[in-house]
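Keeping their order, the protein sequence lines are chains A and B.
Each residue of the first sequence is one higher than the last, beginning at 171 in the numbering used here.
Each residue of the second sequence is one higher than the last, beginning at 2 in the numbering used here.
Simulated from the structure, these hints should not be mistaken for lab results.
Quick reminder that beta carbons are idealized off the backbone N, C-alpha and C, glycines included.
It is possible that some hints are incorrect.
Just the calculated beta-carbon pair ranges, DEER-fashion [as the list claims (entries may be wrong)]:
1) A:345 / B:323: 31 to 41 Å
2) B:340 / A:330: 15 to 25 Å
3) B:98 / A:285: 52 to 62 Å
4) A:314 / B:371: 52 to 62 Å
5) A:177 / B:339: 22 to 32 Å
6) A:304 / B:7: 20 to 30 Å
7) A:314 / B:7: 45 to 55 Å
In the DSBU-like style, the derived pairs of lysine-lysine whose C-alpha atoms are separated by at most 30 Å in a straight line are [as the list claims (entries may be wrong)]:
8) A:230 / B:197
9) B:277 / B:258
10) A:255 / B:339
11) B:17 / A:309
12) B:258 / B:275
13) B:277 / B:197
14) A:309 / A:299
15) B:258 / A:287
16) A:286 / A:299
17) A:346 / A:186
18) A:385 / A:230
19) A:330 / B:17
20) A:299 / B:341
21) B:339 / A:290
22) A:290 / A:309
23) A:346 / A:299
24) B:248 / B:258
25) B:272 / A:286
26) A:286 / B:248
27) A:309 / B:275
28) A:287 / B:339
29) A:385 / A:287
30) B:159 / A:286
31) B:339 / A:330
32) A:309 / A:255
Below, a sample of chain A positions facing chain B; criterion: calculated Cβ distance under 8 Å [stated by the list, open to error]:
33) 179
34) 226
35) 266
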Amino acid sequence: MIIELSNIFKSYENGKMEVPVLHDISLTIDKGEYVAIMGASGSGKSTLMNIIGCLDRPTKGAYHFDGSNIFGYSDRQLSDLRLNKIGFVFQSFHLLPGQSALSNVMLPLQYAGVPKKQRKEIAAEMLEKVGLGERIHFKPNQMSGGQCQRVAIARAMVNKPEVLLADEPTGALDSKSGEQIMELFGQLNDEGVTVVMITHEQEIASHAKRIIHIKDGCIIPDKSKEVVTVEES
Amino acid sequence: MLENIRLSFQGIWSHKLRSILTMLGIIIGIAAIITIVSTIKGTNEQIKENLVGSGNNNVTVSIYQDGYEYEINNYSGLPSGINTISTELLDKISNIENVESCSVYNKRVDWGDSIFYNDTALGSSSIYGVDDKYFSTCGYAVSYGRGFHESDFDKKRKVVIIDSSTVTNLFDNTNPLNKVIDINNEPFTVIGVIEKKDTFKPVINSIDDYYSYVADSESGSRLYIPSTSWPTAYYFDEPQAVVIRAKNTDSMNSVGKKAATILNDAIVTSKSFKYKSDSAMDDLESIQDISNSTNTQLIWIASISLLVGGIGVMNIMLVSVTERTREIGLKKAIGARKGKILSQFLTESVVLTSMGGFLGVLCGIGLAQAVSKIANIPVAISIPASVIAVAFSMLIGIIFGLIPSIQAANLDPIDALRYE
Ligand SMILES: Nc1ncnc2c1ncn2[C@@H]1O[C@H](COP(=O)(O)OP(=O)(O)O)[C@@H](O)[C@H]1O
Ligand SMILES: [Mg+2]
């Protein structure tokens with residue numbers, strides 16, 4: 171088990187009011203799984219994703235990532251965890267606008283302390299892998315949405331994380347580009363990467379091997395088409 | 002780190018106008034300081050140069066009684082408690098570090114009652130009994146006629162060398178050579194006229210005090226006779242003084258003090274007498290003190306501009322943090338530690354202010370040159386001051402960049418990513 175959430179609660183302070191967002195969420199995801207989280211807008215998907223991605227801490231409940239309880243982790247430990255074990259992909263790409271695709275992908279390598287020359291090689295290789303080998307010097311404003319998202323995926327994967335977290339990765343893309351992204355996710359999952367993806371499109375979710383439905387901050391008991399037996403890696 | 006610096010330059014370049022405006026406070030402050038410092042340094046160096054050039058890196062060590070310069074009159078001779086200066090003692094003084102040469106002499110001040118040419122009295126003047134090294138030590142040169150020969154000393158010739166003021170006052174600017182003048186009722190033949198080797202060039206307009214000092218020290222007519230002929234006109238033993246030429250202007254004071262100590266230890270036994278040194282540097286230092294204190298005030302004012310500049314930098318950095326909230330959030334999300342974000346913004350702020358400081362130094366140098374041309378004030382660019390100025394701008398970058406950088410480092414990545 172790489173992700174293990176037990177009785178997670180999350181609420182936000184809104185002035186004096188406590189706004190509960192997640193209610194008693196328990197969830198486990200094994201290594202190598204491909205999971206889609208579905209739900210309406212405002213149902214708490216992103217909040218859940220932020221907790222899984224160690225960007226946020228739950229108000230209550232325990233979270234074990236790869237066997238260790240992150241409750242006691244310092245900010246610095248969480249940073250290192252995100253750097254090495256988790257890759258993020260966002261709906262709006264979040265690329266650094268002034269920088270080339272290559273520089274964007276090199277960034278996590280820089281944080282990991284990889285020497286500059288190797289950074290370039292590894293980042294270029296990664297861009298090659300997502301099909302942008304010829305565009306490594308393009309800046310985000312010179313690329314289409316689909317291409318930008320592939321740069322973002324290259325950036326997320328460049329430190330070889332175990333988990334790829336994607337928050338509506340196709341939300342800003344046309345369906346053709348979306349399909350390409352899904353293909354890439356499938357390929358990464360085949361290579362053993364655990365993929366957790368948020369979406370509200372059935373079409374996109376169907377690429378995953380397991381679908382988790384969430385409504386008003388609660389997981390709806392599994393009513394998905396099949397229960398997938400996870401292949402051991 | 003290098004990466005951060007490169008990115009900072011990129012950032013500054015992509016917001017050229019904003020960056021320049023932000024740096025302006027720093028540029029103005031640093032430029033003002035560099036201009037002021039260059040002007041002080043230029044003026045001081047000019048004064049020193051003039052002192053050296055005019056032979057004024059001389060220190061006179063003479064005898065004082067109860068704090069006042071001891072004046073020898075016609076009836077005094079050598080008072081008890083003082084001795085004459087022996088050759089050995091003079092050798093000892095010439096061996097002091099940084100002494101180029103030294104000379105011992107007798108001196109009397111005349112108020113117009115003992116020096117005559119025909120019936121003309123010279124009026125206020127000084128007469129010196131000098132050894133063979135006096136003129137070279139004091140930086141005098143014979144402008145016409147001749148100087149003293151060895152035989153003048155050996156044969157105790159009654160010859161006199163005069164300055165141009167004496168030529169004017171006693172001879173009405175006619176040729177004085179071979180004329181005979183009366184010194185304390187003894188006839189002395191004029192053999193030469195001397196003048197300062199390098200006459201003082203009036204370059205510094207700003208420090209009037211300096212001129213009055215120089216003018217003052219050159220006033221009155223002067224006559225010189227061989228020390229061996231001194232007893233012919235006056236007494237055998239009279240208190241003597243020493244003039245020392247220091248190798249450099251900076252060592253004048255220490256050389257004078259050491260010489261005075263040597264003399265006091267060796268030949269002064271009375272409590273009321275004391276040899277004291279008196280050098281042009283003393284006056285110079287008080288002049289410098291005055292100009293330095295006014296300039297220190299100017300530097301304080303310029304520092305306020307730096308403070309304002311620093312606040313401007315802080316303001317822009319805060320704006321920059323807000324503008325780049327998304328970038329910061331993303332970087333934290335993909336694993337940048339707090340320290341990375343902090344150092345990124347701090348570097349940016351330091352690069353910004355250092356560049357401002359560097360431009361300020363350049364502007365300051367330019368401005369100093371312009372001031373020197375327009376106001377005819379000498380300037381000297383100080384390398385240490387320039388380096389300190391840039392270093393100080395860096396410090397301003399750190400101080401005023403700290404709050405925005407901490408703010409950036411503490412941004413919550415979720416809020417930051419959500420920020421549109
Ligand atoms: N920082 C916050 N402060 C207050 N409320 C928040 C905050 N973040 C999210 N919420 C609320 O939590 C709920 C879930 O948000 P989110 O997880 O973004 O939903 P989803 O991603 O499923 O659309 C929403 O009602 C939202 O308004
Ligand atoms: Mg969302």
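Violated constraints from the hint list, given by number and in increasing order: 7, 8, 15, 17, 19, 25, 26, 27, 29, 30, 33
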